[in-house]
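**Student:** Heads up: the sequence lines are chains A and B, in that order.
As numbered in my numbering, residues 731 to 866 make up the first sequence, in order.
As numbered in my numbering, residues 18 to 192 make up the second sequence, in order.
Source of the hints: derived by calculation from the structure; they are not laboratory data.
Note that the structure is a prediction, hence the values are computed from the model and not measured.
Glycine included, each C-beta is placed from N, C-alpha and C at the ideal position.
Errors might be hidden in some of the hints.
[Unchecked claim] Derived DSSO-like pairs: lysine-lysine, alpha-carbon spacing no greater than 27 Å straight-line:
#, chain 1, residue 1, chain 2, residue 2
1, B, Lys43, B, Lys189
2, B, Lys165, B, Lys189
3, B, Lys165, B, Lys20
4, B, Lys189, B, Lys56
5, B, Lys20, B, Lys189
6, A, Lys864, B, Lys20
7, A, Lys770, B, Lys52
8, B, Lys52, A, Lys862
[Said to hold, decoys possible] Just some of the chain B residues that point at chain A, by a computed CB distance under 10 Å:
#, residue
9, Lys52
10, Gly55
11, Ser190
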Amino acid sequence: MRVLLALLLLLASAPVPAQTALPPAPYADRQIDDPALEKKARALMETIRCLTCQSQSIADSNASMAADMRSEIRQRVMAGEQPEHIRAWLIERYGDWVSYEPTANPIVWPLWGAPIVLLVLGLLLLRGRIRKGKRS
Amino acid sequence: MRKMLIWLPLVLFLGFFGLFASGLLKPDDRLITSKMVGKPLPAFALPAASSDRPALTSADLATGTPRLLNIFASWCVPCAAEAPQLMALRQAGVEIDAIAIRDARADVDRFLARYGNPYARIGLDARSAVQIALGSSGVPETFVIDGKGRIAYQHIGDIRADDVPIILDRLKSAQ
Numbered sequence: 731m732r733v734l735l736a737l738l739l740l741l742a743s744a745p746v747p748a749q750t751a752l753p754p755a756p757y758a759d760r761q762i763d764d765p766a767l768e769k770k771a772r773a774l775m776e777t778i779r780c781l782t783c784q785s786q787s788i789a790d791s792n793a794s795m796a797a798d799m800r801s802e803i804r805q806r807v808m809a810g811e812q813p814e815h816i817r818a819w820l821i822e823r824y825g826d827w828v829s830y831e832p833t834a835n836p837i838v839w840p841l842w843g844a845p846i847v848l849l850v851l852g853l854l855l856l857r858g859r860i861r862k863g864k865r866s
Numbered sequence: 018m019r020k021m022l023i024w025l026p027l028v029l030f031l032g033f034f035g036l037f038a039s040g041l042l043k044p045d046d047r048l049i050t051s052k053m054v055g056k057p058l059p060a061f062a063l064p065a066a067s068s069d070r071p072a073l074t075s076a077d078l079a080t081g082t083p084r085l086l087n088i089f090a091s092w093c094v095p096c097a098a099e100a101p102q103l104m105a106l107r108q109a110g111v112e113i114d115a116i117a118i119r120d121a122r123a124d125v126d127r128f129l130a131r132y133g134n135p136y137a138r139i140g141l142d143a144r145s146a147v148q149i150a151l152g153s154s155g156v157p158e159t160f161v162i163d164g165k166g167r168i169a170y171q172h173i174g175d176i177r178a179d180d181v182p183i184i185l186d187r188l189k190s191a192q
């Protein structure tokens with residue numbers, strides 16, 4: 731009975747207010763009326779990293795800063811700005827870190843090149859094996 | 018040569034093992050530094066955040082002498098913790114302006130009445146727009162702005178007593 735009462739009280743408890751009493755930014759949790767624009771904004775938001783919850787995208791995060799970033803992105807997309815331009819603007823401020831989309835930055839060239847190198851190595855190995863097989 | 022090759026997988030394994038172990042043991046660094054350091058301050062114009070301090074525009078920060086731009090909020094606990102250090106900087110003659118993030122005037126007034134007001138101007142950034150434009154990732158953060166309105170240094174987190182000399186030093190070298 732006491733447990734039940736405690737559970738009931740839990741249900742009745744007031745939610746802890748977020749970091750601020752301010753209402754969320756206008757487009758933080760509201761979609762753009764034009765579905766095509768919303769789709770564009772959504773695709774960008776899913777690949778922008780949240781600064782507060784660092785393993786989430788701003789589309790997934792409940793942090794107030796992520797909400798402000800969502801609103802900022804939606805408003806810019808509505809104003810006609812291209813998503814890749816907004817991404818570049820954010821990278822200029824926070825570095826490559828803020829984007830989940832891999833870039834062509836020289837530092838990641840080894841990563842792009844690794845599959846080709848491994849494939850070539852494999853083919854060389856295979857050729858060696860085949861030659862060896864023919865001889866015996 | 019062939020005989021040596023047999024050790025290659027083990028060497029590779031040990032190499033990767035070392036890499037992962039060092040990655041796991043290294044303390045987590047979650048600070049996101051602004052890439053705007055060294056660049057001019059983005060242009061902005063914010064309304065006043067408190068009843069007794071004027072509003073803040075980016076032009077107010079390019080006054081010829083280096084000053085501090087403190088990013089704070091009345092709802093932020095570490096911001097209250099750094100208040101005495103900001104007061105000490107103010108008493109040392111440092112000009113400090115501030116941007117209040119996601120705040121309301123009544124809350125800012127209450128915060129300043131309680132923890133002191135070292136600021137010359139306070140702008141209200143209700144939607145974090147200027148904060149994002151600055152490349153700032155949280156509160157509190159403090160930027161050193163040189164006389165020409167260029168961002169010279171970023172301090173992330175609350176200013177502790179031993180950070181005060183570092184900041185004074187940065188202000189001096191921004192001259």
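**Student:** Each hint should be assessed against the structure and marked as holding or not.
**Tutor:** Checked hints:
1. B:Lys43 with B:Lys189: Given pair B:Lys43, B:Lys189 is violated - Cα atoms ~34 Å apart, limit 27 Å.
2. B:Lys165 with B:Lys189: The hint holds at about 14 Å.
3. B:Lys165 with B:Lys20: violated, 66 Å
4. B:Lys189 with B:Lys56: holds, 18 Å
5. B:Lys20 with B:Lys189: violated, 63 Å
6. A:Lys864 with B:Lys20: holds, 23 Å
7. A:Lys770 with B:Lys52: Roughly 26 Å between the alpha carbons, so the hint for A:Lys770 and B:Lys52 holds.
8. B:Lys52 with A:Lys862: violated, 56 Å
9. Lys52: holds, 5 Å
10. Gly55: With a minimum Cβ separation of about 12 Å from chain A (threshold 10 Å), the hint on B:Gly55 is violated.
11. Ser190: violated, 24 Å
Hints 1, 3, 5, 8, 10, 11 from the list above are not met by this structure, while the remaining hints are.
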